[in-house]
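Given the sequences, and given the hints that come with them, work out the whole structure.
Read off the chains here:
Protein chains: 2
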Amino acid sequence: MITLDLILPDTRYPIHIGHGLLEQVDLLLPHLPIPKAAIVSNETVAPLYLHRLQQALGARGVACTSVILPDGERYKDWQTLNLIFDSLLAGNAERRTTLIALGGGVIGDMTGFAAACYQRGAPFVQIPTTLLAQVDSSVGGKTAINHPQGKNMIGAFYQPRAVIADMDLLETLPDRELSAGLAEVIKYGLLGDADFLAWLEQNMAALRQRDSAALQYAVRRSCEMKAAIVAEDEKENGVRALLNLGHTFGHAIEAGLGFGAWLHGEAVAAGMVLAAAASAELGWLGAADVERVRRLIAAAGLPVKAPAMPAEQWLKLMSHDKKVEAGTVRFVLLRSLGQAAIQAGLDTSLLERILLENS
Amino acid sequence: MITLDLILPDTRYPIHIGHGLLEQVDLLLPHLPIPKAAIVSNETVAPLYLHRLQQALGARGVACTSVILPDGERYKDWQTLNLIFDSLLAGNAERRTTLIALGGGVIGDMTGFAAACYQRGAPFVQIPTTLLAQVDSSVGGKTAINHPQGKNMIGAFYQPRAVIADMDLLETLPDRELSAGLAEVIKYGLLGDADFLAWLEQNMAALRQRDSAALQYAVRRSCEMKAAIVAEDEKENGVRALLNLGHTFGHAIEAGLGFGAWLHGEAVAAGMVLAAAASAELGWLGAADVERVRRLIAAAGLPVKAPAMPAEQWLKLMSHDKKVEAGTVRFVLLRSLGQAAIQAGLDTSLLERILLENS
Ligand SMILES: NC(=O)c1ccc[n+]([C@@H]2O[C@H](COP(=O)([O-])OP(=O)(O)OC[C@H]3O[C@@H](n4cnc5c(N)ncnc54)[C@H](O)[C@@H]3O)[C@@H](O)[C@H]2O)c1
Ligand SMILES: NC(=O)c1ccc[n+]([C@@H]2O[C@H](COP(=O)([O-])OP(=O)(O)OC[C@H]3O[C@@H](n4cnc5c(N)ncnc54)[C@H](O)[C@@H]3O)[C@@H](O)[C@H]2O)c1
Ligand SMILES: [Zn+2]
Ligand SMILES: [Zn+2]
Chain G
1 MITLDLILPD TRYPIHIGHG LLEQVDLLLP HLPIPKAAIV SNETVAPLYL
51 HRLQQALGAR GVACTSVILP DGERYKDWQT LNLIFDSLLA GNAERRTTLI
101 ALGGGVIGDM TGFAAACYQR GAPFVQIPTT LLAQVDSSVG GKTAINHPQG
151 KNMIGAFYQP RAVIADMDLL ETLPDRELSA GLAEVIKYGL LGDADFLAWL
201 EQNMAALRQR DSAALQYAVR RSCEMKAAIV AEDEKENGVR ALLNLGHTFG
251 HAIEAGLGFG AWLHGEAVAA GMVLAAAASA ELGWLGAADV ERVRRLIAAA
301 GLPVKAPAMP AEQWLKLMSH DKKVEAGTVR FVLLRSLGQA AIQAGLDTSL
351 LERILLENS
Chain B
1 MITLDLILPD TRYPIHIGHG LLEQVDLLLP HLPIPKAAIV SNETVAPLYL
51 HRLQQALGAR GVACTSVILP DGERYKDWQT LNLIFDSLLA GNAERRTTLI
101 ALGGGVIGDM TGFAAACYQR GAPFVQIPTT LLAQVDSSVG GKTAINHPQG
151 KNMIGAFYQP RAVIADMDLL ETLPDRELSA GLAEVIKYGL LGDADFLAWL
201 EQNMAALRQR DSAALQYAVR RSCEMKAAIV AEDEKENGVR ALLNLGHTFG
251 HAIEAGLGFG AWLHGEAVAA GMVLAAAASA ELGWLGAADV ERVRRLIAAA
301 GLPVKAPAMP AEQWLKLMSH DKKVEAGTVR FVLLRSLGQA AIQAGLDTSL
351 LERILLENS
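As given, the protein sequences belong to chains G and B, one line each in that order.
According to this note's numbering, the first sequence is numbered sequentially starting from 1.
According to this note's numbering, the second sequence is numbered sequentially starting from 1.
Take these hints with a grain of salt, some might be off.
Here are some of the chain G residues that sit facing chain B, going by a computed Cβ distance under 7 Å [claimed, not checked]:
id, residue
1, I2
2, F85
3, Q119
4, R120
5, Q149
6, A156
Simulated crosslink set (BS3-like; lysine-lysine; CA at most 27 Å straight-line) [stated by the list, open to error]:
id, chain 1, residue 1, chain 2, residue 2
7, B, K36, G, K316
8, B, K316, G, K235
9, G, K235, B, K235
10, B, K316, G, K36
11, G, K316, G, K305
These aren't lab readings, by the way, just hints derived from the structure by calculation.
For clarity, every value in this text was computed on a predicted model and none was experimentally measured.
The C-beta atom is built at its ideal place from N, Cα and C for all residues, glycine as well.
Listed below in C-alpha cells is the structure:
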C-alpha cells in the first residue's frame, strides 16, 4: 500500500492505494468521529462489496446503515439524492455520522454532496470502486448532481476525510468502464506530464489487460498529479481548471445526448480530441501531435469522434459550462502534449470546423 | 445608517442598518464581481419592492434577472429551490453572477443555499425584508431547506457578501410577522444580555407600534450579538449553539404541525417558554423568572403555550434535531435570565411534565 497526503488550507487527508484495503477498517476508523456510519452504494456494487465492508465495520463496533441507489449517471439527480437524506433521517443519522461512498464517481459525487448538505455538513469517506473514481473523482472534494440543463451544475466543494482505493475492486469492473477511467488517466498525461504520456503509450495494452503493477502505477501517478493541483488551487480559481481538459466538450456531449448515453470518460475522450484539434487550429499543436492523441485514445478503447449534434446545440450547451466568464466560454487547450492552457473564447467558425471534422 | 462588520477566518462582510437603503445600490455594487445579478423574491414581496431594486441596479448597468417563488415556509423545499436553479440556467447565470435575496428568512435561507450550490458556489447578498430576517436569519451564513422529517435538515454554511437591512421595508410587514421577529429579538436578551432584556420589557409597546428608533435599536443590538457569536464560532462547534434557544422545541412544533402552520417565530416563542420551564425544573430559574419570560413573550403578541402533541411525537421529532450528539438531544436552557447554557439530555418524565403544563 502507498499513501499520498492531500494538504489543504483547512484540512488534510490520506489517499491509500493498494490491495485488500476494503476490509482493512483500521484505515477507516481514525476518520469516524463517532462509531456510526451510513454506507451509500448502488444496485451493482452493493451485491459485490457492501456485505464485506459492513461486516468488517460491525466487527469493530461501528453501527452501520446502508442505502442502495439505482445505478447510472441518469440517477445523479435530486430525486436520488433525496433517497440518501430519507435514509439518513429514517436511521436517525447525526451530524457526526460518517457517510461512506462505496461505488464509482456517481456514488462518490452524490454521497459527497449529501454529506456537504446533511445538517449543513457531515463527515464522509470515499471508497472508489471504478478506475475513474480512483484516479479522479474521489480526490479533491468536488461533489455534485446534474441538472437537466447542465452537468454537475448543483454541488459543493467538500473534502472527504480519507480516500481508500482498493485495486482489487477493479477486478469486477466491465472493460468499457475500465476504458472510461483510462480517459481521465490520459488527461493527466496530456495536461501536465509528457513522460507519463509516453509511459501510457507504452503500457496501454498492459493496462487494458489489467496488469496489476501497471494499474497501480497509473492510479498512483494520477492521484499524485490531482493532489498536487488541488493542493495549489482547491476552489478552482486558477490551475485546477486545467483538470477540465476535454470536459467542456465532454459535458456538452453528456447533456446533449441525455446523461448516461455516453459514459463520462467516453465523452471526455472525444472532448480531448476536440481540444487537441482546436489547439492545432491555433497553431499550438502540429497534425502529428493530434494524431498521437487520437491513437492513444483509440488504443484505450475510447471514441475519437464526438456524436453528431447541430452546431447551435453544441454552442448552447457549452454556454452553460461552469467555466463561462463574462459570457465567454473558457476552453482548456494544449500548448503542447503535456502542457495545457486556458483559452478564453474560440471563433464560432473554428468551433464549427473542428466539430464537423471530429464528429 | 450604521454599519457592523462580521469578521470570519475566511471572509468579512458589512451589515448595513438604516433607512432608504433599498435604492442605495452603492452599498451593493462593490460586492458584485461582475455586473450580473439574479434577484430571488416571492409573490408577496416582489410586487412591493422588486421593481425599485431592479430599476436602481439597471440604472447602474447591472444586468438583472429575477425569479419569484411562491410564498410560505411550506415552499422551503427542494422543488422550490429547483425553480431558482431553473431560472439561473435559463438566464445563463455564471458562477460569478450574484444572487440577491429580497425577502424574509425563507427567501434568504433558500437563496443562500442556492448560491452555495449553484456551480458549487456563487456570490450572494441578503436584503432582508422581515424583522426576523433583519435580526437573525440574514446574518451568519446558515442556509437551508426543510425535509419533511426535519426543519433545515439540508443546507450549508455559506456567507453572504453583504447584508442590507432597510428599516423602511418593515412598514408593510403584517403585525403577526412583526411579532414573530420579536421572538428572535427576545431570544438575544434571554441568552446573553440581561440589560437588553430589561430594555425590551420597557420598550415592547413602542416596538409593536413600530417606533422607528426603537426598532432600529432592536435590530442593531440583535445583529451585534449575532455577529459577535458567529465571529467566535462560525460552524457551530460551541457557543453558536446558544442561538438555538427555544429552537429544539420550536422545530418540533413546526415539523409536527406541518411547516407553515405556526410561524417560525411563534414556534420559537413557545419553545423559549418550554426552555425556561425546563430550566426551572433543574433549579436554574425561579418561578418568577419563568413568569417574566411568559409575560414578555405575551407582550410581544406571541404564544406562550405549545400546541398539544402526544409526548412520543415530541420525542421523535426532537430526536432528529441537529443538536443530537451520541443519541442525546442537547437542549439550550437558561442558567439565569440573560445567560444560556447547553444541557445534554433531559429526563423523559421532566419533558413530559413541562410539555403537559405548557401546551
Ligand atoms: N468529482 C470529481 O472531481 C469528478 C471527476 C471525474 C468524474 N466525475 C464524475 O464521476 C462520474 C463517473 O464516474 P464513473 O465512471 O465511476 O461512473 P459510475 O459511478 O456510473 O460507475 C460506472 C459503472 O460501473 C459500475 N461499477 C462501479 N464499481 C464497480 C466494480 N468494482 N465492479 C463492477 N461494476 C462496478 C457502476 O455501478 C456503474 O454501472 C460522472 O458523474 C462524473 O461527472 C467527478
Ligand atoms: N438562517 C438562519 O440563521 C435563520 C435564523 C432564524 C430563522 N431562519 C428561518 O427564517 C424563516 C422565517 O423567516 P421569516 O419570519 O422572515 O418568514 P418569511 O420569509 O416566510 O416571511 C414572513 C412573511 O412576511 C412576508 N413578507 C416579507 N417581507 C415583507 C414585507 N416587507 N412586507 C410585507 N410582507 C412581507 C413574506 O412574504 C411572508 O409571507 C424560517 O424558515 C426559519 O427557519 C433562519
Ligand atoms: Zn471527468
Ligand atoms: Zn430562529
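Outcome of the hint check:
Contact between I2/G and chain B, as hinted, is not supported at the beta carbon level, the nearest pair being about 30 Å apart and thus beyond 7 Å. Annotation: F85/G was flagged as interfacial toward chain B, and the flag holds, the nearest CB pair being 6 Å apart, inside 7 Å. Checking Q119/G against chain B by beta carbon gives a least distance of about 5 Å; that is within 7 Å, so the hint holds. For R120/G, the interface hint holds, since its Cβ comes within 7 Å of a Cβ in chain B; the closest pair sits about 5 Å apart.
With 7 Å as the threshold, the beta carbon of Q149/G comes within range of chain B, its nearest partner Cβ sitting at about 4 Å, so the hint holds. Here the hint on A156/G is kept, as its CB sits about 6 Å from the closest CB of chain B, short of 7 Å. For the hint linking K36/B to K316/G, the alpha-carbon distance of about 19 Å falls within 27 Å, and the restraint holds. Pair hint K316/B plus K235/G does not hold up; C-alpha atoms about 39 Å apart against a cutoff of 27 Å.
Distance restraint check for K235/G and K235/B: the Cα-Cα separation of roughly 19 Å lies within the 27 Å cut-off, and the hinted pair is therefore satisfied. A threshold of 27 Å between alpha carbons decides the hint, and for K316/B with K36/G the separation of about 19 Å falls inside it, so the pair holds. For the hint linking K316/G to K305/G, the alpha-carbon distance of about 20 Å falls within 27 Å, and the restraint holds.
Checked against the numbered hints given earlier, the structure breaks hints 1, 8 and satisfies all the rest.
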